[in-house]
Amino acid sequence: MSDKSRRRIKRIVVGVVALVVLGVVATVALTIANWTRTPEAKVRQYLDLLADGKASAATAMVDPGLPNDQRGFLSDEVMASSSARIEVEDVTADDAERSKERVVTATMRLDGERFTRSFRVTEAKKTFGLLKNWKIQDAMVARVDVQADNVTHFSIGGEKMSVATLKEAPSSSIVLYPGVYTFTPEETGEYIDAAPKTISVKAATGYDSSYYGGTVELKGTYNDKMAAAALDAAAALTNSCATVPGNIDSACPSAVQSRTLALLQVKTMPTAMKATTDEGGVYTGEATFTIQGMESWDKQRDVTSRVTATVKTDKDGNLELDASGKPQFEVRFGY
Numbered sequence: 001m002s003d004k005s006r007r008r009i010k011r012i013v014v015g016v017v018a019l020v021v022l023g024v025v026a027t028v029a030l031t032i033a034n035w036t037r038t039p040e041a042k043v044r045q046y047l048d049l050l051a052d053g054k055a056s057a058a059t060a061m062v063d064p065g066l067p068n069d070q071r072g073f074l075s076d077e078v079m080a081s082s083s084a085r086i087e088v089e090d091v092t093a094d095d096a097e098r099s100k101e102r103v104v105t106a107t108m109r110l111d112g113e114r115f116t117r118s119f120r121v122t123e124a125k126k127t128f129g130l131l132k133n134w135k136i137q138d139a140m141v142a143r144v145d146v147q148a149d150n151v152t153h154f155s156i157g158g159e160k161m162s163v164a165t166l167k168e169a170p171s172s173s174i175v176l177y178p179g180v181y182t183f184t185p186e187e188t189g190e191y192i193d194a195a196p197k198t199i200s201v202k203a204a205t206g207y208d209s210s211y212y213g214g215t216v217e218l219k220g221t222y223n224d225k226m227a228a229a230a231l232d233a234a235a236a237l238t239n240s241c242a243t244v245p246g247n248i249d250s251a252c253p254s255a256v257q258s259r260t261l262a263l264l265q266v267k268t269m270p271t272a273m274k275a276t277t278d279e280g281g282v283y284t285g286e287a288t289f290t291i292q293g294m295e296s297w298d299k300q301r302d303v304t305s306r307v308t309a310t311v312k313t314d315k316d317g318n319l320e321l322d323a324s325g326k327p328q329f330e331v332r333f334g335y
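Take the sequence shown: its position 11, counting from 1, is numbered 11 in our numbering, and each next residue is one higher.
Think of the hints as simulated: they come from the structure by calculation, not from any bench.
Heads up, a few of these hints could be off.
Unchecked claim - Straight-line alpha carbon distances no greater than 20 Å define the calculated EDC-like cross-link-like pairs of lysine to aspartate or glutamate that follow:
{"id": "1", "residue 1": "K219", "residue 2": "E89"}
{"id": "2", "residue 1": "K274", "residue 2": "E168"}
{"id": "3", "residue 1": "K312", "residue 2": "D145"}
{"id": "4", "residue 1": "K267", "residue 2": "E217"}
{"id": "5", "residue 1": "K225", "residue 2": "D145"}
{"id": "6", "residue 1": "K54", "residue 2": "E187"}
{"id": "7", "residue 1": "K167", "residue 2": "E217"}
{"id": "8", "residue 1": "K135", "residue 2": "D232"}
{"id": "9", "residue 1": "K197", "residue 2": "D138"}
{"id": "10", "residue 1": "K312", "residue 2": "D232"}
{"id": "11", "residue 1": "K160", "residue 2": "D149"}
{"id": "12", "residue 1": "K274", "residue 2": "E217"}
{"id": "13", "residue 1": "K267", "residue 2": "D322"}
{"id": "14", "residue 1": "K225", "residue 2": "E159"}
{"id": "15", "residue 1": "K132", "residue 2": "E40"}
{"id": "16", "residue 1": "K312", "residue 2": "D111"}
{"id": "17", "residue 1": "K202", "residue 2": "E320"}
{"id": "18", "residue 1": "K167", "residue 2": "D69"}
{"id": "19", "residue 1": "K160", "residue 2": "E97"}
{"id": "20", "residue 1": "K135", "residue 2": "E97"}
{"id": "21", "residue 1": "K274", "residue 2": "D316"}
{"id": "22", "residue 1": "K100", "residue 2": "D69"}
{"id": "23", "residue 1": "K125", "residue 2": "D111"}
{"id": "24", "residue 1": "K225", "residue 2": "D149"}
{"id": "25", "residue 1": "K326", "residue 2": "E123"}
{"id": "26", "residue 1": "K54", "residue 2": "D111"}
{"id": "27", "residue 1": "K202", "residue 2": "E330"}
{"id": "28", "residue 1": "K100", "residue 2": "D138"}
{"id": "29", "residue 1": "K326", "residue 2": "E217"}
{"id": "30", "residue 1": "K267", "residue 2": "D232"}
{"id": "31", "residue 1": "K219", "residue 2": "E320"}
{"id": "32", "residue 1": "K312", "residue 2": "D298"}
{"id": "33", "residue 1": "K125", "residue 2": "D69"}
{"id": "34", "residue 1": "K197", "residue 2": "E186"}
{"id": "35", "residue 1": "K197", "residue 2": "D145"}
{"id": "36", "residue 1": "K267", "residue 2": "E279"}
{"id": "37", "residue 1": "K202", "residue 2": "E217"}
{"id": "38", "residue 1": "K202", "residue 2": "D314"}
{"id": "39", "residue 1": "K274", "residue 2": "E187"}
{"id": "40", "residue 1": "K167", "residue 2": "E187"}
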């Protein structure tokens, strides 16, 4: 055999060996790559996004299947405002390794409390026909009911919503990713005090993305400025009832509703208006009138009557204000 032939054979052998080595390396690399592309890895990737407060990326990865008007609080800004987010402890898959649909269970903590959540993960189309892909079927979100009394708007992390808008929706709830969130009353004005409320929002242990994550009650109470405004309104009616023809108004005490009075005057004005409930809204006080009829036998006498001032609100619970921004009341005397 000539030297030329031997060199040709050597090159062929080297080429074959190189191809074999390359094939082995590619197979090993593909196997290693697929080892890391598991259902557990997919779920952990999703949970790591939520743990880092990356709501937009989490939504892009696993769509919650909600209309746009229910996605407002699934934002990076809202999650950034949370005082605590999930901490991932463990992620495990079921034993059905050859199945195209797997169940992955994650163990997490939120604000020191441990909880678990299961995810359905299905096999997706392979990349280049070789690399495995998996798709999470269920977003980890929860619904929180919002109940409001004397509060018309609230916000979380700068995202604001009207209570009236929420009431008009099919559900009086908002959708959140797990976390500890503070609900802040907004647009309460100078006559209502309302404190923020904080709630820990977890998620269902199963696959239900409509899981009920709790209720937040936002309560506004009328403050001292409202009581002072009620006193002003009561004083205005008292003065009106002590004049003619204001005294014949049905809101005045029946004793002063007469066209035959020789004397009609205020003896004592209301000095304070007391709320009849803890929430306020209805205030009572007293006024005394001095009256005397026109007949010779009529004697001068005092009439004390209770005056009630009730705050006026519209159908959405907003205060009715006059042109100067003062609250309006329904005011009348009587028991």
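Hints and how they fare:
Taken as a hint, the K219 and E89 pair is broken in the structure, with Cα atoms around 37 Å apart against an allowance of 20 Å. Restraint check: the Cα-Cα separation between K274 and E168 comes to about 34 Å, which exceeds 20 Å; the hinted pair is violated. Restraint check for K312 and D145: not satisfied, since their Cα atoms lie roughly 26 Å apart, outside the 20 Å limit. In summary, the hint linking K267 to E217 is not supported, as the alpha carbons are separated by about 45 Å, beyond the 20 Å threshold.
Proximity of K225 to D145 is assessed by CA-CA distance (about 31 Å); at most 20 Å being required, the pair is judged violated. For the suggested pair K54 and E187, the alpha carbons sit about 29 Å apart, so the restraint of at most 20 Å is broken. Pair hint K167 plus E217 holds up; C-alpha atoms about 14 Å apart against a cutoff of 20 Å. Distance check on the hinted pair: K135 and D232 sit about 65 Å apart at the alpha-carbon level, beyond 20 Å; violated.
For the given pair, K197 sits about 28 Å from D138 by alpha-carbon distance, which is inconsistent with the 20 Å threshold. Restraint check: the Cα-Cα separation between K312 and D232 comes to about 15 Å, which is no more than 20 Å; the hinted pair holds. Between the alpha carbons of K160 and D149 the distance comes to roughly 17 Å, so the proposed pair stays at or under 20 Å and holds. Of the pairs offered as hints, the one joining K274 and E217 is violated, with about 25 Å between alpha carbons and a cut-off of 20 Å exceeded.
Restraint check: the Cα-Cα separation between K267 and D322 comes to about 29 Å, which exceeds 20 Å; the hinted pair is violated. For the proposed pair K225 and E159, the alpha carbon gap of about 29 Å is over 20 Å, so the pair is violated. Using a Cα cut-off of 20 Å, the hinted pair K132 and E40 holds, with the two alpha carbons roughly 13 Å apart. Restraint check: the Cα-Cα separation between K312 and D111 comes to about 42 Å, which exceeds 20 Å; the hinted pair is violated.
Note on K202 and E320: the hinted pairing is violated, with a Cα-Cα distance of about 39 Å set against a maximum of 20 Å. The straight-line distance between the Cα atoms of K167 and D69 is roughly 13 Å, inside the 20 Å bound, and the hint therefore holds. Restraint check: the Cα-Cα separation between K160 and E97 comes to about 45 Å, which exceeds 20 Å; the hinted pair is violated. Taken as a hint, the K135 and E97 pair is honoured in the structure, with Cα atoms around 15 Å apart against an allowance of 20 Å.
For the hint pairing K274 with D316, the CA-to-CA distance comes to about 25 Å; that exceeds 20 Å, so the pair is violated. Under the criterion of a C-alpha separation no larger than 20 Å, the hint pairing K100 with D69 is inconsistent with the structure, at around 34 Å. Using a Cα cut-off of 20 Å, the hinted pair K125 and D111 is violated, with the two alpha carbons roughly 38 Å apart. Taking the CA atoms of K225 and D149, the gap is about 18 Å. The hint holds against a cut of 20 Å.
The straight-line distance between the Cα atoms of K326 and E123 is roughly 63 Å, outside the 20 Å bound, and the hint therefore fails. For the given pair, K54 sits about 18 Å from D111 by alpha-carbon distance, which is consistent with the 20 Å threshold. Under the criterion of a C-alpha separation no larger than 20 Å, the hint pairing K202 with E330 is inconsistent with the structure, at around 45 Å. Among the hinted pairs, K100 with D138 is consistent with the structure: their alpha-carbon atoms are about 16 Å apart, no more than 20 Å.
Restraint check: the Cα-Cα separation between K326 and E217 comes to about 27 Å, which exceeds 20 Å; the hinted pair is violated. Annotation: proposed proximity of K267 to D232 holds, straight-line Cα distance about 17 Å (limit 20 Å). With a C-alpha separation of about 18 Å, the suggested pairing of K219 with E320 holds against the 20 Å cut-off. Between K312 and D298 the CA atoms are separated by roughly 40 Å; this puts the pair beyond 20 Å, and the hint is violated.
A threshold of 20 Å between alpha carbons decides the hint, and for K125 with D69 the separation of about 31 Å lies outside it, so the pair is violated. Simply put, K197 and E186 have alpha-carbon atoms about 12 Å apart, close enough for the 20 Å limit, and the pair holds. Distance check on the hinted pair: K197 and D145 sit about 13 Å apart at the alpha-carbon level, within 20 Å; holds. Between K267 and E279, the direct Cα distance comes to roughly 31 Å. Violation of the 20 Å bound is thereby established for this hinted pair.
A hinted pair counts as satisfied when its Cα atoms are at most 20 Å apart, and K202 with E217 qualifies at roughly 18 Å. A distance of roughly 36 Å separates the Cα atoms of K202 and D314; the hinted pair therefore is violated under the 20 Å criterion. Straight-line distance between C-alpha atoms of K274 and E187 comes to about 25 Å, which puts the hinted pair past the 20 Å bound. Of the supplied pair hints, the one linking K167 and E187 holds, its CA atoms being roughly 17 Å apart against a limit of 20 Å.
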